[in-house]
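One letter stands for each residue in the lines below.
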Amino acid sequence: MDSATVAKGSFLALSLPVILSACQRSQQALEQGAGFRVFEADEAADLTAIAARIIPTDDTPGATEAGVIYFLDTIFAEARRASQLALLREGLGALRGQLTTGGRPIHELTEAQQDQLLRDNEQTPFFATMRYLTIAGTFSLPRYGGNRDKVGYQLIGYEDRGAWSAPYGFYDADYAERGE
Amino acid sequence: MAEAVFPSFPTREEVDFVIVGSGAAGGVMAKELSTAGHSVVLLEQGPHLKAADFHHDEWGYDHNLELTWGRSQGYPQTFRKFESDVAEEREMVCGYAHNVGGSSMHYSGNFWRFRPIDFVEASVRGPIAGTNFSDWPITYSDLEPYYTKVDWEVGVSGLQGPWDPPRTREYPCPPMPIKGSDVLLERAAKAMGLNPYPAPVAILSQPHNGRPGCIHCGFCNGYGCEVNAKSSSLVTVIPVALATGNCELRTHCTVHRVNTNEQGRATEVVYWDADGVEQAQRAKAVVLCANGSETPRLLLMSESAQHPDGLANSSGMVGKNLMFNGYSTVMGLFDEPVNAYKSVPATRVVHDFYELDPSLGFYGGGGIDGRHPSRGAPMGFALTAAPAFGTPTWGSEFKADLAYQFSHVAAFDGHTTSLPLSTNNITLDPTVKDKFGRPAIRTTYMDHPDDIETMRWFYEKTVEMMEVAGASNIVGHYERDGQEGNVHLLGTCRMGNDPDSSVVDAMNRAHDVPNLFMCDGSSLVTSGRGQPTMTIMALAFRAGELISQAARRNEI
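So the sequences go chain by chain: A and B.
Under this note's numbering, the first residue of the first sequence carries the number 2, and numbering increases by one thereafter.
Under this note's numbering, the first residue of the second sequence carries the number 16, and numbering increases by one thereafter.
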């Protein structure tokens, strides 16, 4: 076993790195098609494109359908995140300025070109932040603007029922059947 | 029940008791003292949240720390491994929930009793050089009646295990239904000749004391219970305390000092109220139940000419002997859906390794249970699973992996001992302050080599169990370089008979201050095997009874 690929498991999850700070906002104000509160249209298009490479739309919905851009627009609308928003914009600007884009906006690149651009920048804080926020926007409660239609929950087979009774899965059903 | 009349005590008149902190211990203490007829003011720095306030809100709780608070909310802490280091500022080191009920609101509710050996292990096993490993001044027999009180008054579900210590009364509720992750654990354990048995949990498997049974939503660890099935002090003992009419609960109160008089007695507790106005509640006696990091900080902040090293600290032991408990986790993937994200964290335990064989050459022991590796939480799993498994962290392959991993994963976790060391401690940070200007809690902590060896042993044992269980993609982790934070905050005002080596006596009274008591995780002399809250609550039931009796005899 490779000790570098460690699973910190439940304790790690209890102390998730905090990149950003608190925010709450109702989803009602963020109906699909509404304008963005924070992002310019071209910024939103680029961020949407990046999120879509992290959790792509393929045979199932991805970050785009989850509305990750609306999650980002919600959390960065808070004044106290102004400096973090500036960092995000700085990171996006640096990405846009790279030769591999050929001067074209990121969202106009092909998916293969976008993937290459992100691979080249995989170790940057900007990419780590975008990965973190894309996942957060896909799997957090819909009230934060993302996880629309519970796309994230469906993606991982999380049944969003909030209450269950045993058996919960294959092994405990089998256990009961065998009378163990 | 008739609507309770909530008292409002004037701050400038003495109440019988001020209790600082409404968590696992403070809630029990408030109930015991108020039902015995004493007037009580219960101070809590956080809000009084209710079931309707709790949601499956990973972004709010895990990312934004809305329940636990941290640097983002104005409560930075600092950490260093060694006393020679300069501590660095962190979002959080000692983790605990800030609300009525304290961390009993968001805990997993794993309610293992300590065993007889935990109280006498130092003398049975012999001293360990360089540590403060000691016997307790009380035994399991002393505490057993109060463990039973916790079982019944707080509410515990379980079944007596093969070599559990004797109990005077059965559990009030049967064990939780087994989860798939624990079927895998149990089958592997039995194949290895071990003796798994149902995990005792402070979560109701059926209605008890007017509260409903668990709906198995899966959001226990780190979350508040939305149906009041989790047996926190918030929904068990605190409502009983408030119903007496003798207990005033004051929320949003930030305590920063305990004042004493020339006779060396505690006279009042000084705090900022919800409006930020400084108040001082006078009391005949003061009980600190603020947790193993806040209680020593408050004592150290209460220094005076008479108590130059901090209140109740003539032994120099206030803040020392901090014990986190060790931890290991191993996860693997299975062919069929496990769905470990449903229901309570753990439904089986393996306690065959409670005491590791001394011939291994190091001290330690612990227990093993089965779980979901991210507490069943989707966002936490999606963030951490791929880096842990070493699989792609973004893109279509990442997405496809997640779709399989979340429901097909199980984790076997080890929960282990920590040795008490003077060099592991809570002190006042010399420079960093919280938003009230209180010195930040500075944690200095490096696990003892035996503690790390114990974690490694449990890690390797659970890897073996995963293999026997038939898992693929087995990966795991333990803190081989030492832990840098935890939610178990133990030992920092240790109990003992000797005033030179302990802070409180066998009834939780400060050796130095006759009307000051400390009762919470700080009282623990040894760490147990990784599930301390049952013992913290039992200690509070016992201390509450003894303190009340002493008050009636005018012996406080």
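Hints were generated in silico from the structure; no laboratory data involved.
From a predicted model like this one, the values you see are computed outputs, not experimental measurements.
Some hints could be false.
[Claimed, not checked] Stretch-level coverage of chain A by chain B, calculated; a stretch enters the list once three of its residues show a Cβ under 8 Å from a Cβ in chain B:
#1 41-51
#2 147-159
#3 170-179
Glycine is no exception: its CB is placed at the ideal position from the N, C-alpha and C atoms.
Evaluation of the provided hints:
For the stretch 41-51 of chain A, the stated coverage by chain B is violated: 0 residues have a C-beta nearer than 8 Å to a C-beta of that chain, whereas at least 3 were required. Only residues whose C-beta sits within less than 8 Å of a C-beta in chain B count toward coverage, and the stretch 147-159 of chain A has 6 of them, enough to reach three; the restraint holds. Evaluation of the coverage hint for the stretch 170-179 of chain A: fulfilled, as 6 residues show C-beta separations to chain B shorter than 8 Å, against a requirement of three.
Hint compliance for this structure: hint 1 alone is broken.
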